[in-house]
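Next come the chains, spelled out residue by residue.
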Amino acid sequence: DAGVTQSPTHLIKTRGQQVTLRCSPKSGHDTVSWYQQALGQGPQFIFQYYEEEERQRGNFPDRFSGHQFPNYSSELNVNALLLGDSALYLCASSPDGRNEKLFFGSGTQLSVL
Amino acid sequence: QKEVEQDPGPLSVPEGAIVSLNCTYSNSAFQYFMWYRQYSRKGPELLMYTYSSGNKEDGRFTAQVDKSSKYISLFIRDSQPSDSATYLCAMSPIGGGSYIPTFGRGTSLIVHP
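One line per chain: the protein sequences are L and E, in this order. Counting from 1 along the first sequence, just add 5 to a position and that's the residue number in the working numbering. Counting from 1 along the second sequence, just add 212 to a position and that's the residue number in the working numbering.
A few of these clues could be false.
Straight line, CA to CA, 25 Å or less: simulated BS3-like cross-link-like pairs of lysine-lysine [to be verified]:
1) E/K282 <-> E/K214
2) L/K106 <-> E/K254
3) E/K254 <-> L/K18
4) L/K31 <-> L/K106
5) L/K31 <-> E/K254
Honestly, the hints are just simulated from the structure, not real lab data.
Using the sequences and the hints, build the whole thing.
Set out below in structure tokens:
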């Protein structure tokens, strides 16, 4: 049983560019959350998708957007990249729209130069 | 002041030591408490969770919650080099909604042989 898979594992972009990160949830999970983890910090909640809709959103600007597909996989898009967007982006999946037990992927390390 | 405070360490202990990791919080609405373990270049992994004050034990790990003091702890007995990782506390309200956990910044633990 595959866990949460994320792609790519590493990405280097320049300021102003756009990026798309991808996530496939754990088998049987229908809820996907995205987190940003800066170096030396805990994960910060970006948003959560359930039933193909953004259900909750953290304190992130509209440059951060997402999508969930019918197979429950998800994408995170970030436009107009800033240096401060450099971080580890984590995807977490869970069942039934709940958050008690999150299963995280290994993340995408994004570097903005 | 952050809602969840956690000393980043690093905490360095010899193999076999008892480790105590702690978090304090300010939000009285937090009623569900979690500990995640994160190895280098990996996503967080749920280690323990509890709703109630008091102790919860699982093998070498004990989670302790003191709601009156807004203080939670994770104890690791007979620590092993394989326990070397960053330990993140997380907490959320409970109830009818799908509450998103708030994470601490993590404590880096090094267990040396």
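Structure-based check of each hint:
1. E/K282 <-> E/K214: holds, 13 Å
2. L/K106 <-> E/K254: holds, 17 Å
3. E/K254 <-> L/K18: holds, 21 Å
4. L/K31 <-> L/K106: holds, 12 Å
5. L/K31 <-> E/K254: Satisfied, since the Cα-Cα distance of roughly 16 Å is no more than 25 Å.
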